[in-house]
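Residue-level listing of the chains:
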Amino acid sequence: MESEVKKEKFNWFTMFWEGFTGMSKLGRTLWIIVIVKLIIMFAILKPIFFPDFLKAQVNDESEKAGYVREQMIERSSFDSE
Amino acid sequence: MDLLLNASAVGWARGQFALTAGYHWIFVPLTLGLAVIMSIMETMYVRTGDEKWKKTAKFWQIIFGINFAIGVATGIILEFQFGTNWSNYSLFVGDIFGAPLAIEGIVAFFLEATFISIMFFGWDRVSKKMHLASTWLVTLGATLSAFWILVANAWMQYPIGMEFNPETMRNEMVDFWAVAGSPVAINKFFHTVTSSWGLGAAFVVGVSSWYLIKKRHQDFALRSIKIATIFGLVSFILIAVSGDGSAYEVTQKQPMKLAAMEGLYEGKEGAGLVAVGLLNPKKEAYNDDVNPYLFKIEIPKLLSLMGYRNINAFVPGIKDVIDGGYTLPDGSTALSFREKRERGLLAHKALADFQQAKSEGRDTDAANFETIIKDNYSYFGYGFLEKEEDLIPNVPLTFYMFHFMVMVGGYFILFFAVVWYFHSRKKLAPAVDHTGCVACSGGSVWSVCR
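Taken in order, these protein sequences are the chains called L and C. For the first sequence, this note's numbering assigns the number 1 to the initial residue and increments by one for each residue that follows. For the second sequence, this note's numbering assigns the number 1 to the initial residue and increments by one for each residue that follows.
Excised from the complex, chain C in its bound form (with noise of 0.2 Å):
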């Protein structure tokens, strides 16, 4: 609220995107597991013929529907705030975003709403395989369109195959495949996918639970129970490996965010990942001696094990990130925020003394100037930061709500488990006749089935 009442524009502008994208996120990652849960489901009913597996695809599909055409309307509105809330940064890293957005658009969206009207509209006009092979496209579709909207985002986090352009004031494309295989945005989509999956399977059992405690439509709640559970189980447990992937990548590529995940003030060798812990309110300031937590159980050497695949390697903390000398993964020394800032503010110099030249035709001097800029381009950002603790995040909210992730993540791994042993064990609805699809017996969801 602070935030908001005394901020600039730009703390509108980060409040209104903020909000708007935060919107938009409760609908994507419904739609995305949902798409994936309906086409299984209606797989199964081309495989077997059985017209209750056609109708509870059917019910899944309208839910998607109404789904994607709220997360679609929101997405639009984030696009309008990149011209109104973001108009220069747009053009700052419009030869980036432009790519991955542009392909989302052009092949992932057109893909998704091509398919997605013979999906809904379709089922009497083409064949029962096109008709599968349009829902699964479906899908193919909004996976797609994530994939390369976090391409962008990936890109955001850790900026690769790119040059800066003075002249265009544009950060320019060099090498496609780098901005779309980096190794960021492949963990990232990893993730976040698996994570959207096991969303989507706690919706359909949330939502089958219900209709079971009602005693309706049983018989479809517990089809859907039985694809759901299987899938959540699964996709919880490619979440927990996607995330160590997204651990190692965040600890090479942000070791700042990694150290305000894990509440490190003070970097050490063989650092243990906090399972349960509470900081200490008393905590001011990065480099007073107060101790950061009240209490703290550790998994011992875990989180070095996670970021640099050694139990005994060195984690930088807070304080370390900030002050620097410590090794980097690639054998070179980590720079102070000073250090980082002061060749930041070398390549603002930089650019307006090679506005001037370029205003005077003075294009020996505007090249070597351009050249100073390109040389301390990695830190142009830390040139607009004034002070050490405005390269810390929020650690409290970070620690906490990262903790709070990992738990649920352990949690739904447990609840799919129970569900499925119940739902195995035909204890879910037990005056329901489980015979036929519903008499699921463990193993693969496409064998127990007639």
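This is chain L alone, in the form it adopts within the complex (with noise of 0.2 Å):
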């Protein structure tokens, strides 16, 4: 079995390469498709859907601390008890 292995050189390029060029028609519209899913995910819900909220509420890093530490106060009900 060990004579099936290909005796060149092993290169991760051309694995990637003939993996996918010689892949069957089924593999290569799963690949599509998680590709495309990709994209829609990095370029369209990320940025679009799934802002980071707390980067929004503050100007720099510092102030993020600030801005929990108020939130937390605020809803807690210490000074009505």
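Do not take every clue at face value.
[As the list claims (entries may be wrong)] Beyond 12 Å from chain L on every Cβ pair, some chain C residues (computed):
(1) I77
(2) W136
(3) N153
(4) P281
(5) E298
(6) F314
(7) D330
(8) L391
(9) N394
(10) P396
(11) F412
[Stated by the list, open to error] Here are the computed lysine-lysine pairs in the PhoX-like style, where the Cα-Cα straight-line distance is at most 20 Å:
(12) K268/C x K319/C
(13) K282/C x K296/C
(14) K9/L x K52/C
(15) K253/C x K319/C
(16) K257/C x K319/C
(17) K25/L x K9/L
(18) K374/C x K358/C
(19) K128/C x K52/C
(20) K25/L x K58/C
(21) K9/L x K128/C
(22) K129/C x K25/L
(23) K387/C x K257/C
Simulated from the structure, these hints should not be mistaken for lab results. These numbers come from a predicted model, not from an experiment. Quick reminder that beta carbons are idealized off the backbone N, C-alpha and C, glycines included.
With the hints as a guide, bring both chains together as one complex.
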């Protein structure tokens, strides 16, 4: 069985290239779906529907702690007890 | 539905995260289970040189690949939601979550992603042993990935190895090994991974049985069933063992969760485990005198034994956890909900005073308030609860889910034993030639093939 292994030097690029080009029609379709899905996720969903909420509330990194502290204090009922 | 229609933003955030996490969790356990099964099949191929094992392994590797791709996609959306839905929380726990999630990404996921390419495209490019090593490394990567995610999850159930810093508003990690080696994390990991193995085995047996019924690819189906039944049987026995470990940890660290799982309102010594029971829908409050059960059949003393390794130990019920006053495993007396809440509110007030003192440059006062926060920090979360009922999970849902899960676990031990029996007696597909590797005769998976 060892003779089945190609004797040429191992090359990552040709492995991927031949792997993708030699794929069945179903496999290729699934990969296209995966790539389209990733493009939609990172190019559309992430920037439009999943903005970093905390980053939008403050001007710089150092103000994040203050914002979270205020939110927690605001939600607590310690001053109404 | 009521939750979402009347919910504030936090209700919607929870609903969205729960939906994504639930969807993600359909694929992850199957990935973990299939990974081990396909690795065993490829090991059979390398040991025997039988090309049929190679084809069997390759088939399940394709199913694994599709499942893996969907699991990754849903996992990425969960990470997005940390920023949108849980941005304040992400900052609050970022130091703890950051380390295991970074290790998961850099070590486990990269290990998996690197060797998965060799597993799919490298059949004719690397030696059989190198390919087998790659497949097992994919399995190891997937399993390690689960470990680090569960370390983060276990920390939320049982926070240790950290110190709260009111200045940065972060729970800062002070002991990495306490977080990584948390007994809750270790038990959760073994229970989750063995459960995933069981799911993978059930899936393989299910698909293979369909092929047998259709009388298609029967040799492939029998080979798959052979591996999956033995693996499934071992997995479900391990699930029972790791489940016992989980029950012990839940009792020690989260007594309210255990009480809800068992519908136990009044604690007692030598508590039994409910084998079968029907909850009384007329039970509306934790402290009314209505019997919580319409009927139940108990296994005497088993809950005390599982929870405290002592058949006569006292197991607190929902009422006890709220009222306090019972003795904890460390010998101290449990505080009531009200006492815990007061301490939580004390920590909140100290946090507000800390902020005020800092803004006015009163550093000595700020240091004193910081001490008050740290002294009461264990109860910080209780300060956000308003009433006793806020502490109680949905008892019927928890009770029935837990008991359904235990019953399914028991059923699958029987299921795999029966399938293995019929397979070993060659009765699953009598018309098929059972020579060679299909001649399963019990004993070790590794020794039955030529």
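**Item:** Pairwise hint evaluation, K319/C against K257/C, where the allowed Cα distance is 20 Å at most
**Value:** With Cα atoms ~12 Å apart, K257/C and K319/C stay inside 20 Å; holds.
**Asked** Holds or violated: are the alpha carbons of K9/L and K128/C at most 20 Å from each other?
**Response** With a Cα-Cα distance of about 16 Å, the restraint between K9/L and K128/C holds, given a limit of 20 Å.
**Request:** Starting from K374/C, check that the Cα of K358/C is at most 20 Å away, please.
**Result:** 17 Å, holds
**Asked** Keeping to a limit of 20 Å between CA atoms, is the pair of K129/C and K25/L held or broken?
**Response** Roughly 29 Å separates the two Cα atoms, so the pair is violated.
**Message:** For N153/C, is the shortest CB-to-CB distance to chain L above 12 Å, so the non-interface label stands?
**Reply:** Non-interface label on N153/C holds, nearest chain L Cβ at 21 Å vs cutoff 12 Å.
**Straight-line alpha-carbon gap K9/L to K52/C, limit 20 Å** = Roughly 28 Å between the alpha carbons, so the hint for K9/L and K52/C is violated.
**Item:** Restraint check for K25/L with K9/L, where alpha carbons must lie at most 20 Å apart
**Value:** 28 Å, violated
**Asked** Under the criterion that the straight-line Cα-Cα distance not exceed 20 Å, is the pair K282/C, K296/C satisfied?
**Response** Holds: K282/C and K296/C sit about 16 Å apart, inside 20 Å.
**Request:** May I ask you to check that P281/C keeps its beta-carbon over 12 Å from the closest beta-carbon of chain L?
**Result:** 32 Å, holds
**Message:** Over 12 Å from every CB of chain L: does D330/C meet that, or does the non-interface label fail?
**Reply:** 28 Å, holds
**Prompt:** Should the label of E298/C as a non-interface residue stand, given a Cβ cut-off of 12 Å to chain L?
**Reply:** The claim stands: E298/C keeps its Cβ more than 12 Å from every Cβ of chain L (closest is about 41 Å).
**Hinted pair K253/C and K319/C, Cα distance within 20 Å** = 17 Å, holds
Violation of the numbered hints given earlier is confined to hints 1, 14, 17, 22; the remaining hints are satisfied by the structure.
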